[in-house]
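*Asks:* Protein chains in written order, with the working numbering: chain A, 1 to 342; chain B, 343 to 707; chain C, 708 to 969.
Note that these hints are calculated values from the structure, not bench results. Every residue gets a Cβ at the ideal spot worked out from N, C-alpha and C, and that includes glycine. Check before you lean on any hint, since a few could be wrong.
Quick list of the computed label-pair ranges, beta carbon to beta carbon [to be verified]:
1) A:L324 with B:Q440: 49 to 57 Å
2) A:L160 with B:A519: 55 to 63 Å
3) A:S163 with C:D880: 40 to 48 Å
4) A:F48 with B:Q576: 38 to 46 Å
5) B:R510 with A:M168: 27 to 35 Å
6) A:F48 with B:A612: 33 to 41 Å
7) A:R42 with B:A511: 46 to 54 Å
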Amino acid sequence: MSKAGAWTRWRAGWLFPALVGLLGVAILLSLGLGAVKVSPARIAALLFDPGAASGSEATILWQLRLPRTLLAAVVGAALAVSGAGFQGLFRNPLADPFVIGASSGAAFGAAVAVLLGFDVAVRGLSPVPVAAFAGAIGAVSLVYALAGLGQTASAGTLLLAGSALGTMLSAMVSFLMISGEQPWLHILNWMLGGFSGRSWLHCRIALPPLLLAMAGLWLLARPLDVLVGGDDAAQSLGLPIRHARLAIVAVASLATAVSVSVAGVIGFVGLIAPHIARLLLGGGHRRLIPASALLGAILMVCADALARSVLAPVEVPVGIITALLGGPFFLFVLRTRGPRFT
Amino acid sequence: MRAGCHRPVPVGSESEYAGLPAPNNFIARMKAVASGARLPGAVFRFLSPGSLLIRFLLCWMAVACPFARAAAPATGDGPPFTFSDRLGRTITLSATPQRVVSLAPSNTELAFAVGAGERLVGVTTYCNHPAAAVDLPKIGGFAARTISIEAIVALKPDLVLAGDRNQRAVVDALERAGVTVAAVQPRGWTEIQETMRLLGRIFGTTETADRLIGSANARLQAVAARIGTVPPAQRVRVYWEVFDEPLMSAGPRSLIGEAVTLAGGVNIFADLKEEYPQVSVEAVIARDPQVIIGPASMRQRSMSLEALRARPGWALIAAVRDGRVVILPDEPVTRAGPRFAEGVELVAKALYPALFPDAGEETSP
Amino acid sequence: MKPLLKVSGLACGHGASTVIAGIGFEVGPGEVLAVVGPNGAGKTTLLHTLGRLLPPRAGGLELEGTPAGRMPLRAFARKVALAPQRTVELAWPMRVEEFVSLGRAPHRGWLLPYNRADRQIVANAMERLAIAPLAGRETASLSGGELRRALLARALAQEPRLMLLDEPAAYLDLHYQSELLGLIRALAKEQGIAVILTIHDFTLAALCADRIALLHNGRLRALGKPGAVFNDDTIKTVYGEQMEVFPHPHSGMPVVLPKLRQ
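Just chain A, with the same shape it has in the complex:
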């Protein structure tokens, strides 16, 4: 094996443990932050002996912060992986998990649920997340169907259809928000995204499909590598392009839809985490996907911890924090590593 190949393999060798370690630290610190501060030493002690926590401390840690932090980590990872998938599928570094209309569809579903006053709880969840999930999946399916109607169902058509439908749905959501002045706060809050009040119930429902979707996209690493080189190259290597595209869209959209339904629309993580991963490890999706997942998890956990502690006891929407965190960090990495691709 060549020396150059060996060196990059070695670098990947310590990078992954480092990222996992960083995630662990982030989770530990996050458990200690919030309206009630708990020192990391105490958290470490409590992790070994959970029964030692006092009443409200235990409630806050085990019932509120732990599920919330865990959910933030997995949702961050899922959004990052989904973003990596879409960036590879569309060969576009500006693609993010919401590029084919998942967020607009989810917002539309949520708006309809709020305004129609659905009161039925589904498996313990309020109707808004369920409607949001249905909206997201519905929108993506519609986009895929619309794009496939044309002769050349290329990736570009998919992007255009997604953009068009997304714009339409956003307009409808705005209209719904204007027509009723009271519920808009509900919809707006949900659109800004956040993890406040998320519990083990949300974890139970969201974690399995998210983990499944991430594993699925990791399996699709090689088709993504090939698609990145162009449809011609992909076909000459024997890739069934339509099936591969459908699989990638389906799995990435599942990850996005579940994330959005449980945490609202949180931007930037899905866009920036894969970029940073690419700068560190190159574009091979076998490594890119797990690295994006770890980076996305770290970013989201930090953002959530900040969201609930920077102005405590006031909670800032997580989407604002992710934008403030992700942008400058990305610029910093870009400056130090240099632009690697146009």
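Using the hints provided, position chains B and C relative to the given structure of chain A.
*Replies:* Frame of chain A, contents of chains B and C only:
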């Protein structure tokens, strides 16, 4: 003794109390006689039939006055009248406004309360109190963008009672359209009283206004008196949930916050500067309120005791443990209007039920 | 010797136009066939049709006796490797080693990880094309020539029976051009791979190819050994009066040069 009610209602206009006798000229003559009467001896003043008649009439006037169709000309406080509104603008009224449009529910309630209700020709879709306001023509919602300038202009109002700086755009637009507009909506109890007095002067109903203010303050003082018996250490901790998603409470600077303070409660978010801060669940749990109050306008399901217990981590809170979750009609304490004192009484009863067994109505799940 | 590839009555085109009306030829294992012709003659279209990127308008091709249209795509990819001329988005950062490894996909599948045998084949391919030192570099940082060699390595890693190379010597200076073409010829002979390549430099075509196919106006103008194809009349018919054919002073192979204007 109450002086005569001066409501310069134009002669011939309909009043809902039409049909009652209004012996205006007779009263004026009687007063002239009473003031200038030369009856022998002070002691006979009380007993002479003339004075008895006058006293009877004056008493009757005092009682029936609000229903009288007084056509006596306005004195002193009437137009022309110059004042400045909440946006610092100066408004001059050359005559008492006859056609009034209100751009805020609180303005509508205040106008009705000071006795100018029948002059209202347009209100917002949220103006639901008193009942008479519901049937008035609607000119839009509360947010500036939902208010129709054209609808207002079409009603040809003499005066538009606008909100505050949130409706700045509407105020400017109306000014450009040549309509007289004054931003009078109050924010706290002090401003509510100011606005009541101002409206009283605008419409020449200062006595009604003063009476309102007096009675409201009396009620507040009564509440304060009973609250005063509670030592500070035993004041009740309150969490007022304005909204559930996002979790939103009321800070001390909001009207709700003021009501809670006047009702003797301790707002668990009394340290925050925002009017309606978005708070974290952890903070509520950590601050452990003894009573949770929610507005009746929110869906009952989300604020029922079962629903609160089901929220993760909430079962630990004192209020949920003790079942002290109260749903109150929120308009008296969210609308800066004449019902504020009533709202404070409701809150006080929710916090200290033993001290206020009789006040108002209250629904608790 | 049984032909590896048999083309009969093949008509190719893309979009509305039919570029090649109908041609037929055969290629045997280990044989190098160079397709030449003026711009727009359809060299790339022919290659893409042979590689099943474009459907044939008429006629068909047989690969080792089996009609290619009936073969599943992946089975076809195990036998035929295409190295295109234009590379889309090789600016996407990927390590060269990963890029070349993609050539193993038709054999290994899309989901399973590569094993040691695969990695060995990839390493060999990179060695043969002298890009082993570049294994850890990003494809975006390669020069034009290095990129073409990476493409070739990927095609080689596919272990094909037939290689279709579109302008493999483009972007290389003269020294490396002849070196690369010599390498291609050596590979074909060593491993019995049939090679069809398009090229516009006649001299180089004559040097590396066993046979030349000259395309003109959608037809196969000539097919045969370089000496037979590169003669005055044929060249003048296709390229007009601007070309001249000389014999190479040492090897005797035909050299085609443009007439210099005085």
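*Asks:* Which of the listed hints are not met by the structure?
*Replies:* 2
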